[in-house]
Amino acid sequence: MSALYDRFYAVVRRIPRGRVASYGQVAELAGLPGRARQVGYALRALPSDTVLPWHRVVDARGRLSPRADPDGIRYQRYLLEKERVEFGEDDRIPLERFGWRPRGARREADT
DNA sequence: TTTATGGCTGTCA
DNA sequence: ATGACAGCCATAA
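The first sequence lines up with residues 1 to 111 when you count with the working numbering.
No wet-lab data here; the hints were simulated from the structure. Note that the structure is predicted; figures quoted are calculated from it, not measured. Don't take each hint at face value.
[Claimed, not checked] Cβ-Cβ distance ranges computed for the label pairs, FRET-style:
1. ASP6 - ASP90: 30 to 40 Å
2. PRO47 - ALA3: 30 to 40 Å
3. GLY18 - ASP69: 23 to 33 Å
4. PRO16 - ARG74: 32 to 42 Å
5. ASP49 - GLU89: 17 to 27 Å
6. GLU86 - SER2: 15 to 25 Å
7. GLY88 - ARG17: 28 to 38 Å
8. ARG67 - ARG14: 32 to 42 Å
Note that beta-carbon positions come from the ideal geometry of N, C-alpha and C, so glycine has one too.
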């Protein structure tokens, strides 16, 4: 178990359907700005039967990040399209339309 | 302990 | 627009 990962997971869990957040955004909302890469680690470590909407996390430009398994991206895209998230010509998601904009900008830290 | 490698990102050429 | 680099730093070897 990892307290660090739990913080990231807590944020990912709040991403609404049909919306996506970037790794950096997740890290920041978790109160740990600059740890985008660690968010990637946290998601990579998720079990296949997780309930977390890990597929709603994309990179800063709205694209799916490459990983060890190339099919993982297709699956992620499938899950997103199933939630009505659209991809552009260059396989990018228009963040201005599908990017998650949390209200109150609450963070895990303080409050 | 040290090195290498990441599901990243902002900056600069 | 693309590509190289430098920070971030947890994990694995």
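Do the hints match the structure? See the list:
| no. | hint | verdict |
| --- | --- | --- |
| 1 | ASP6 - ASP90: 30 to 40 Å | holds, 34 Å |
| 2 | PRO47 - ALA3: 30 to 40 Å | violated, 18 Å |
| 3 | GLY18 - ASP69: 23 to 33 Å | holds, 25 Å |
| 4 | PRO16 - ARG74: 32 to 42 Å | violated, 23 Å |
| 5 | ASP49 - GLU89: 17 to 27 Å | violated, 34 Å |
| 6 | GLU86 - SER2: 15 to 25 Å | violated, 34 Å |
| 7 | GLY88 - ARG17: 28 to 38 Å | violated, 20 Å |
| 8 | ARG67 - ARG14: 32 to 42 Å | violated, 23 Å |
The structure is inconsistent with the numbered hints 2, 4, 5, 6, 7, 8, although it conforms to all the rest.
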